[in-house]
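S.K.: One letter stands for each residue in the lines below.
Protein chains: 2
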Amino acid sequence: MASNGTNGTNGAEKPAHRFDPNFTQAVIDNMGPKTTPRNRQVLGALVRHLHDFTREVELTIDEWMAAVHFVNAVGRIYSESKQTRNEAHRICDILGLESLVDEIAHKVISEGDIDPTSSSILGPFWSPNAPFRELGGTIIQDGVPPKGRVTKMHGVIRDMTTGKPIPGAVFDIWQASANGKYDFQDPENQTPNNLRGKFRADEEGRYWFYCLHPTAYSLPQDGPSWDLLTLMDRHPMRPAHIHIMVTHENFQGCTTQLYPNDDPWLTTDTVFAVKPDLVVDFKPLEGDDKAVLELEYNVFLAPKGYKGKL
Amino acid sequence: MASNGTNGTNGAEKPAHRFDPNFTQAVIDNMGPKTTPRNRQVLGALVRHLHDFTREVELTIDEWMAAVHFVNAVGRIYSESKQTRNEAHRICDILGLESLVDEIAHKVISEGDIDPTSSSILGPFWSPNAPFRELGGTIIQDGVPPKGRVTKMHGVIRDMTTGKPIPGAVFDIWQASANGKYDFQDPENQTPNNLRGKFRADEEGRYWFYCLHPTAYSLPQDGPSWDLLTLMDRHPMRPAHIHIMVTHENFQGCTTQLYPNDDPWLTTDTVFAVKPDLVVDFKPLEGDDKAVLELEYNVFLAPKGYKGKL
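For the protein sequence lines, the chains are A and B, in the order given.
The numbering used here numbers the first residue of the first sequence as 400 and each following residue consecutively.
The numbering used here numbers the first residue of the second sequence as 400 and each following residue consecutively.
Possibly wrong hints are sitting among the right ones.
The list treats identical chains as interchangeable, and a pair is accepted whether it falls inside one copy or across any two copies.
[Said to hold, decoys possible] In silico lysine to any residue, SDA-like type, Cα no more than 25 Å apart, as pairs:
hint, residue 1, residue 2
1, K682, T434
2, K481, V467
3, K706, P564
4, K551, F608
5, K674, D632
6, K551, P420
7, K706, E510
8, K433, P586
9, K481, H468
10, K433, T666
11, K433, F469
It is worth saying that the hints were derived from the structure and are not from the lab.
A quick note: this is a predicted structure, and the numbers were derived from the prediction, not measured.
Isolated chain A, as found in the complex:
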């Protein structure tokens, strides 16, 4: 969407401000002939929107310098943490950017009655090394933590266009423990791959296993991302969630997150990753001595190449 809703440049419009009307286009036009068309589009739009923002709020020199220091501080934490603390990624999440990019990448609107399961952001905690486990097994490798509530999770993975099950689909799940930490972050309490696992759906597309009811947690309460949250008077909480990634060679994979419907942070998730079809109902379970709760969740995948309505 151009700033004026028309042709995407400032050059052709009469600007609604008192500043040099040719400046922004001059910056854009300084790009040389060897810029790729995509770089020209993306960087040209970046300059235009950055300048429009700056003129709209009449950004002061002090505010701009504060932003320069902020960007340097973001990268400094990355460097000083030996690349383990990616504040630039977290800042994007706080501004809704990762969720927006995810929507743009995965938006599929069905031509039929059933939409595919909504995607949500991957986040920084997925691991390519999660082990395959047997159907009916558990991802609770290190025993049930204090306050942990074991849940039997199950469902069917189906083709959204036909409703037919997808045998052999892979259901990859990862979640934080009841202390709000993933295995990476919590080596004192968790062994690698605790609360992670992959399950292969059976001939009827079914999966089932044991996991934990998830626990809400806070983003770090220091550093540039915390400074930004403070400026915005926002809380640092993510609602409780389970991450899943469901894949099959003939279908478009779905990476998403599931949220208990009674979580207090659902409507103000600090990374804006909640969507209505991802809010789920954990029910009391009786007659299973391994679990106290049950979660049924059925997944719908779009076939590869399916475009739907644009």
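Knowing the structure of chain A, use the given hints to seat chain B on it.
M.R.: Below, chain B without anything else, positioned relative to chain A:
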């Protein structure tokens, strides 16, 4: 300027895209009641323009991740150079942001015939420690470098509203040497405050001293700013320039840069700091055994409190 030219929110408009029309407003509305009005305005506009940009170009996940790595790399150089190499500042310059912020801060349009001297960006090389020197003295402290052309610079500092001279105005000048480096950057060849100095105008508002004809130079040809220039197929050159900062307690100070009118990089300055009234004519000088060139430059300051036409 709002994305639709009206009320500055996405909530009230029908979006010209296929994505969730409520998402951006939800992110903005997550700010709490204790955000200051200015932070709400600036950060709200930042989110809106960032999202509009992202939807307009349909930014891909790979492109977004490249941007995350880029921001981390910017701060890493700052950290690893022990805060001496401010790439975040340089990236802003390359995108025209510092020049735009400078224009916003200093825009004064005269109600009379004479505009004040245009401002330009301060850049990273001004020093608060430059010494006062005598009128008629020189800032070439370490001798004339190879290829250096000594210039007698002179002019009158006047009140733009009355045309009267401003006795006692301070004319602060700094410039790179003929190798394109400032004293900070070149300790092997230059002592501190070489090619820097302050001069106090005489009773008729006049200043005069000796300096060098300036030399064009390149921004660093490595690091994130160089990567960005390469993506945009742009050269890294700044046109030759002299920095000046002219101040007096009763007038609005003017920080600016002066450019020789025969410089090949004038129209494509990589930081976009050239304005027409800052382009000057160095003339051959005869009869002065200290200099081969002459530069006359008269400065016009606006009185403190003068607003002009908005």
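S.K.: Now look at each hint and say whether the structure bears it out.
M.R.: Each hint, compared with the structure:
1. K682 with T434: Neither: 56 Å inside a copy, 39 Å across copies.
2. K481 with V467: Answer is both; intra-copy 22 Å and inter-copy 16 Å each pass.
3. K706 with P564: within (20 Å within a copy, 72 Å between copies)
4. K551 with F608: within (6 Å within a copy, 84 Å between copies)
5. K674 with D632: Within one copy only: 23 Å inside a chain, 41 Å across chains, cut-off 25 Å.
6. K551 with P420: This pair counts as neither: shortest intra-copy Cα distance 62 Å, inter-copy 36 Å.
7. K706 with E510: within (9 Å within a copy, 60 Å between copies)
8. K433 with P586: neither (49 Å within a copy, 37 Å between copies)
9. K481 with H468: Both ways: K481 and H468 sit 20 Å apart in one copy and 14 Å across, limit 25 Å.
10. K433 with T666: between (46 Å within a copy, 19 Å between copies)
11. K433 with F469: between (32 Å within a copy, 21 Å between copies)
Consistency note: the structure conflicts with the earlier hints numbered 1, 6, 8.
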